[in-house]
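Engineer: If you're matching them up, the sequences are chains A and B in order.
Mapping of the first sequence onto this note's numbering: position 5 corresponds to residue 5, and the numbering continues sequentially without gaps.
Mapping of the second sequence onto this note's numbering: position 192 corresponds to residue 361, and the numbering continues sequentially without gaps.
Source of the hints: derived by calculation from the structure; they are not laboratory data.
Keep in mind it's a predicted model, so treat the numbers as computed, not measured.
One or more hints might be untrue.
Stated by the list, open to error - One side only, chain A facing chain B, incomplete, derived with CB under 8 Å:
#: 1; residue: 44
#: 2; residue: 47
#: 3; residue: 49
#: 4; residue: 120
#: 5; residue: 146
#: 6; residue: 154
Backbone N, C-alpha and C define an ideal beta-carbon position, used for all residues, glycine too.
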Amino acid sequence: MTFDEFAGTRLRAVLRFATALTGDPDLAKDLVQEVLIRVSGRWQQIGQLDWPEAYVRKMVVNEYLSWRRRSWRLIPWGMSDHLTGNPSPDPADGYIERQALMAELAKLSRRQRTALVLRYYEGYSDAEIAEVMGCTQSTVRGHVFRALAALRIELDQPLTAASPCKETH
Amino acid sequence: MEVPGTAPARTEADLRAALAEQARRAPSAEDVLSALRQAGSRRRHQPAWAAPVAAAAAMVLVIGLAVAVSHGLFGTRQPGGPVSLPAAPVPFYVTTDVAITKVVVRSTATGKVVAVVPVTPAETTGVLVAPALATGGNGTFYLAAFQRGIAEEQIYRFRLTAGGHVTGFARLQGGALRPGWAVDALAVSANGSRIAVGAFYYPSHVNPGPEQSDQVVVINTHTGAHRTWRGGSLARGYNFFRVASLSWAGDRKLAVLGQWCRAVDPNPGGEGCSRWQRQAQLRAINPDGPGGRSVLDGRLLLRQAPRTFLAQALASPDGSVITAMVLRGKIIGNPQISGIFPANLSVEQISATTGHPLGVIYRRYLGDTSMISGTESNPLTLIADATGSHLILYGGICGLHCNTEFNGWLDAGRLVPLLPTGFAHREAAEAW
Chain A
1 MTFDEFAGTR LRAVLRFATA LTGDPDLAKD LVQEVLIRVS GRWQQIGQLD
51 WPEAYVRKMV VNEYLSWRRR SWRLIPWGMS DHLTGNPSPD PADGYIERQA
101 LMAELAKLSR RQRTALVLRY YEGYSDAEIA EVMGCTQSTV RGHVFRALAA
151 LRIELDQPLT AASPCKETH
Chain B
170 MEVPGTAPAR TEADLRAALA EQARRAPSAE DVLSALRQAG SRRRHQPAWA
220 APVAAAAAMV LVIGLAVAVS HGLFGTRQPG GPVSLPAAPV PFYVTTDVAI
270 TKVVVRSTAT GKVVAVVPVT PAETTGVLVA PALATGGNGT FYLAAFQRGI
320 AEEQIYRFRL TAGGHVTGFA RLQGGALRPG WAVDALAVSA NGSRIAVGAF
370 YYPSHVNPGP EQSDQVVVIN THTGAHRTWR GGSLARGYNF FRVASLSWAG
420 DRKLAVLGQW CRAVDPNPGG EGCSRWQRQA QLRAINPDGP GGRSVLDGRL
470 LLRQAPRTFL AQALASPDGS VITAMVLRGK IIGNPQISGI FPANLSVEQI
520 SATTGHPLGV IYRRYLGDTS MISGTESNPL TLIADATGSH LILYGGICGL
570 HCNTEFNGWL DAGRLVPLLP TGFAHREAAE AW
């Protein structure tokens with residue numbers, strides 16, 4: 001597979017993943033663009049992998065977790081709507097609830113958020129999340145456990161107890 | 170478990186729906202692809218890097234070529250365990266966290282919160298502009314932040330009493346930025362009559378348009394009048410401008426460390442600036458001069474040398490000394506990732522009048538620096554107190570397994586960690 005083929009067929013999925021991760025389409029675009037610039041320069045190696053997309057997603061996660069300070073310049077999300085009190089475009093309760101949940105997702109630490117996105121958007125197992133995030137499975141469960149508690153999410157199947165984990169960002 | 174008075178619990182399906190809804194907002198793949206093609210095209214056609222010719226009339230200091238190193242005098246010890254720490258030279262520091270939940274005053278000696286600055290930042294998705302902080306001396310501090318209910322980012326002023334209490338918190342007259350612009354750097358003149366702002370543009374649905382270069386805005390704190398400087402264009406197409414640091418030499422000279430990039434695409438955040446496509450210069454501009462001019466019209470004080478990265482540079486309040494944070498050497502880490510930051514950090518002082526190096530006051534090996542090559546990443550900050558003699562170093566260039574961050578103040582060549590250690594509160598801006 002060439003880089004162009006990869007970008008042509010998988011970029012949309014990577015962008016959706018990055019948008020779920022960041023909660024911000026513009027930021028996701030920056031993130032993916034930044035990663036793809038590096039990917040394109042190293043495609044000879046990355047293209048040889050069994051599943052290049054997994055590696056690219058891992059790079060997206062790494063980039064997301066490592067951004068700091070000036071990378072975080074942008075953007076007061078929904079600033080105008082928040083500040084001017086503009087009505088929501090969809091008054092349905094479900095929509096409003098999702099907006100509220102999305103706003104609360106944004107308040108999670110990036111590691112917690114990453115763990116949630118990998119588990120509940122991507123459907124990864126704890127082992128797969130641990131591999132992507134570079135930590136242990138118990139640490140992953142710790143992130144998920146705390147994130148779910150913060151969001152007041154009741155699971156269909158309760159999580160097992162989790163060990164504490166270190167936050168570096 | 171539901172606490173009385175709180176919202177009812179949500180289900181796993183609610184969470185999946187919210188995440189899916191966020192993902193549906195993904196930008197167009199074509200936008201990214203076209204930006205990528207432009208970046209690739211630029212890389213293929215650009216000549217090898219070459220240093221720009223120095224301006225003849227200006228004093229040009231090429232740091233990195235002749236820096237005196239006083240090995241005996243300046244140590245390089247990393248912050249370690251709880252050895253007896255020296256007495257903090259400044260009793261309190263003001264800090265914010267990245268989540269912008271609080272702006273607090275902490276005891277430098279203990280790290281304990283002694284006061285909370287009464288600003289209520291707007292909620293965001295977690296990527297809200299980190300507020301900027303600066304000290305104006307005599308216990309006066311300035312803070313830039315978006316606040317709930319106010320569309321433009323505002324500058325606020327407050328004072329810290331000797332006991333660390335916050336008084337006189339108020340919005341500064343004329344301290345509102347234009348919509349779409351936000352503060353990334355702040356510096357206060359010695360007599361407090363002016364504030365310099367490094368402002369950046371954030372495109373959004375209400376602020377449309379392509380990425381723009383930063384601007385330097387000088388605000389008269391008495392009248393609220395604004396004057397604006399643009400970056401200008403260096404030779405060889407370095408025309409995308411970022412403000413890296415601001416400092417005042419007295420009241421009449423503003424030292425602007427600008428970073429110019431020559432690989433910029435029109436998409437938000439799409440600077441795409443590699444190590445070889447970036448230049449930095451420290452320029453002194455006259456804040457009394459007419460606005461609308463270029464930073465490059467100011468006197469050249471310092472220029473980034475080949476194979477270095479000039480991250481920060483501050484002028485002392487009397488204008489006699491420049492303190493620069495410089496990276497040299499190799500980019501360490503994953504060879505599959507093309508970082509831009511050399512791994513050897515040093516803080517060096519240079520005479521602003523003679524151009525002679527005065528010494529290296531701190532050195533640090535940053536370890537793996539390959540993980541960040543971000544378009545706007547400048548994760549190293551040098552913060553001076555009002556006297557210019559006490560420095561905080563903050564930052565770190567690291568990725569997922571990050572253990573090389575640092576946040577401390579300099580004491581005779583060593584970095585004393587600011588408490589609490591470990592970025593437990595995800596500090597985003599500091600001042601003291």
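Engineer: Would you mind marking each hint as holding or not holding in the structure?
Structural biologist: Results for each hint:
{"no.": "1", "hint": "44", "in the structure": "10 Å, violated"}
{"no.": "2", "hint": "47", "in the structure": "12 Å, violated"}
{"no.": "3", "hint": "49", "in the structure": "11 Å, violated"}
{"no.": "4", "hint": "120", "in the structure": "5 Å, holds"}
{"no.": "5", "hint": "146", "in the structure": "14 Å, violated"}
{"no.": "6", "hint": "154", "in the structure": "4 Å, holds"}
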